[in-house]
Amino acid sequence: MPSGYDAIVIGAGHNGLVCAAYLARARRRVLVLERRERVGGAAVTEEVCAGFRFPVYSYVVSLLRPEIIRELELARHGLQILPLESTLTPLPDGDHLAQWSDPDQNRRALARHSPRDAEAYEEFGRLMHQMARAVRPLLGMAPPDPASLDPRELIGLARLGVHLRGLEAGQFHALCRLLTTSAADYLDQWFESEALKATKSASGIIGTLAGPRSPGTAYVLLHHYMGELDGVFRAWGFARGGNGAVSEAIAAAARARGAEIRTRAEVAKVQMRNGRAAGVVLASGEEIGAPLVVSNADARRTFLELVGAEHLPAEFADAIRRLRFRGSSGKVNLALAELPRFRCLPEGGPLLRGAISVSPSVEYLERAYDDAKYGEFSRRPYLDILIPSLLDPGLAPPGRHVMSIFVQHAPYHLNGGWSGTRREAFGDTVIETLAEYAPNLKGAVLHRQVITPADIERTVGLTEGNIFQGELSLQQMFFLRPTPGWAKYRTPVKGLFQCGAGTHPGGGVMGAPGRNAARAILGNRA
Amino acid sequence: MSARVIVIGAGANELVAAHLLARAGHEVLVLAERESAATEAGWVPQPVVRALGLERAGLAIERPEPWIAAPLPEGGMLELWRDMPRSVEAIRRLSRKDAAAWPEFCARMARLARWLEKLYGAPPPDPLSLRFALQVRRLGRRGIEDLLRLVPMSVADLLDDWFESDALKGALGAAGILHLHQGPRSGGTAFLFLHHHAGSPEGVFRVPRSNLARVLAGLRGIEIRRNVPVARITVREGRATGVVLAGGEAIAARLVASGDDPRRTLLELVEPGWLDPEFARAARALRARGVAACVAATLDRAPGFKTLVIAPSLDYLERAHDDAKYGRISRQLHLEARCEGRQLEVQVQYVPNEAAAGAELGEQVRRALAPHLNGATLGKMRVLLPRDLEAAEGWPEGQAHHAELSLDQALWMRPLPGWARYRTPVAGLYLCGPGTHPGAGVAGAAGFNCARQILRDAGRT
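Sequence lines, in order, name chains A and B. Counting the first sequence from 1 gives a position; this note's numbering is that position plus 967. Counting the second sequence from 1 gives a position; this note's numbering is that position plus 4.
There could be a bad hint or two in this list.
[Unchecked claim] Straight-line Cα separation of at most 20 Å, EDC-like style, residue types lysine to aspartate or glutamate; simulated pairs: (1) B/Lys329 <-> A/Asp1155; (2) A/Lys1409 <-> A/Glu1391; (3) B/Lys329 <-> A/Glu1330; (4) B/Lys329 <-> A/Asp1395; (5) B/Lys329 <-> A/Asp1337; (6) B/Lys329 <-> A/Glu1159; (7) B/Lys101 <-> A/Asp1285; (8) B/Lys384 <-> B/Glu340; (9) B/Lys101 <-> A/Glu1282.
It is worth saying that the hints were derived from the structure and are not from the lab.
Same shape as in the complex, but just chain A (with noise of 0.2 Å):
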């Protein structure tokens, strides 16, 4: 059914937003379908309870791509990024933890707790940087078939050798231990303060079924020094809007193109003709053709559901059913009447600006675990807090405040199930764990929105509700996301490309999955 388009992107999510501006901008002729009312998939901000605005999912910004940044245009689109300069972890005995991202206000807040772990964190900040240099440009890069005779894939593995041949020999080794290793053991390494262990650590374990102590969790740590923004290495940021601010940029910019976007246009089948994608079919029932589908759903999504077992390869198809998603984050946002007050901040004070950890040791992050690696919720878990309203006033009436509290664990696959009940225990969790640090907490909620890896996925479309469409785990990253010999955005059905952070390298709103895609799809090599 021609329709003149040249590419339709299933999902608005941001990776499809930025695949198909990116597409735009190459003059091709691209539609972008969303089930939703809105764009941003999990990067959006909706209006929770009536004057407070909520970044609902996504709730951060760090690991945009400069380059997406700049070549859209996003600044011009209205994408404007403040920054978070401190992460503040609360801790059971009345003290706290402070970190900043000035150096020396971070080193004295670090000396209080020791001295030493104030010495080795510069020195630790310079291997940190010094390895996400190493490993940026592998996040611009469709990853090499290591299987392959190709002579371009020999190509593509000979230059990734000679980048990492590059490598100083201590950098090569750092890489090799962070791929490999655990959070917890490699901030052995450096750290003897139990609240900074875990606080670093913790990232770790964000999307994934996984402890301080498991092994492949350090890598992550890196992602932190790899964020970038206005060029300066590791600094946070939260979008003036909220996360659904970035994905209005984005779209703006491919508007801007000459994208066209249409929200509530459900797509249910990938159409197939001759063996290739040759459009989609709508849940309305309306076809539209095009020579090119790009998908932003994840890869079972995609595969399973969008195209069908029966129009790929058996083993493909087996290989995508192996696909481990596992969600294990839940979100808590809080309507407040009034600010929280922490029993070791009576005062309030700027550390309420930046990020707020409950990870008070790093064993306390492995209970946590184990609640969940046997199917029930942590009934201590890990916070990542916000107060968006602090940093963006617009976002609350006056004097009241909004509170983004990401939680980790919360698994998908709950024993017996999430239910209405089971979310509101899961709530009340949350909020029981952060009023012992902060007990004026229970009085000031006048609304609470509670959200579990059932509620994502029925809502936006996660598979298992993995806020990564996928585990970042080392068995499937580069190379192997979403599947071994699939890496390069293509797919084994002719017409059809995957866009979304099922791809590499990976979740967070980030964009490079969709930059690259594009680029596979334009012909440029990466």
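Chain B: place on chain A using the hints.
Only chain B this time, still in chain A's reference frame:
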């Protein structure tokens, strides 16, 4: 300067190294702190067998059949054999699907194991070398994809991909956590599973035993002094110059090869002050945590099995490790029992080195085994806790592998990244124990690789 080479320790690795060096014309002195009581576990790679003519010397690898028996909750045993149809038949009683998957699983694993075996008969590869790239590519597409995916994954994920029976997955999965302070849901345990498969025929996932120690003891050409603990490795101007014994006797040497664990060798034996602080920090951070106790007993009659595993499911093993994670002995123990005649030897996991007491452990093991002894009665239980094993065998913290065989301490990262080729920052000091590549379970290979490295280095100067 003396032309002598001193080898510290008289285990399989040390003796292999000593003999190879002696045959290359070095005067070798082996200093053994103790009479090793441990039976040699492990297969012997072909290059080692050939280099020392071990076959002629009577090397025998002992492979029990069935290679494992696992009690089933509903009674009876799951027995797995080298004989494929026999295993398939046994598995079919648990799951038709698993029985159908078994031959393919075994073939895919065996292919990777054969590849690993080649890697183990040589020093660890340089992962960025063309040579290694070609080695990997020889596996073919299926093999490469299997390898890349399997190595970092957890043994639980690997087995969940293939099988549904808890009993089968528990019995297999136990091979991924032997002597490791991790549970089967930790990344890298699939690698350890494969490591323990290497050297065994297709379909056998346990390390065999051999008489290597006895065979090596019968070879001539080296001098061995026993019961002489080495107190210090002396260093002058960054070069090892010999050793000082606990009794005070100093022995000069041009080269020293230590089969002791890397941490003790570098941080305790080497005279202080010679290591740069960053290296010393990395060495201190080497993980060698003992997690297994050894229980031995005599039965009044043969119990009807040669090898028995108690690991009824992956979750059982994972929960066993949960206890260990917080420093406690597992409430539900994972047992690997071997029986020869009426002599029973049980490896008990997890018994973390720091766990209190453990006097009850013998009784706990007795209770766990009792239902599976076919009416035989256990005599007095002799319990060796990790700390006893440290004293008796010199295993650091009671860790039999000297350094845990987790992925971050394996291959070119074993024992330490940048120092995987048996050399140390002290010139003339080499490591040759299981703390180096390829590690425990591969008898004599580390010693073989180390000796070759020494000879290569000697040829250069």
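Here is how each hint holds up against the structure:
Distance check on the hinted pair: B/Lys329 and A/Asp1155 sit about 15 Å apart at the alpha-carbon level, within 20 Å; holds. Annotation: proposed proximity of A/Lys1409 to A/Glu1391 holds, straight-line Cα distance about 14 Å (limit 20 Å). Annotation: proposed proximity of B/Lys329 to A/Glu1330 holds, straight-line Cα distance about 9 Å (limit 20 Å). For the suggested pair B/Lys329 and A/Asp1395, the alpha carbons sit about 28 Å apart, so the restraint of at most 20 Å is broken.
A threshold of 20 Å between alpha carbons decides the hint, and for B/Lys329 with A/Asp1337 the separation of about 10 Å falls inside it, so the pair holds. At most 20 Å may separate the alpha-carbon atoms for a hinted pair to count; B/Lys329 and A/Glu1159 meet this at roughly 19 Å. Restraint check for B/Lys101 and A/Asp1285: satisfied, since their Cα atoms lie roughly 15 Å apart, inside the 20 Å limit. Restraint check for B/Lys384 and B/Glu340: the C-alpha separation of about 18 Å stays at or below 20 Å, so the hint holds.
A threshold of 20 Å between alpha carbons decides the hint, and for B/Lys101 with A/Glu1282 the separation of about 17 Å falls inside it, so the pair holds.
Hint 4 from the earlier list is the only one contradicted by this structure; the remaining hints agree with it.
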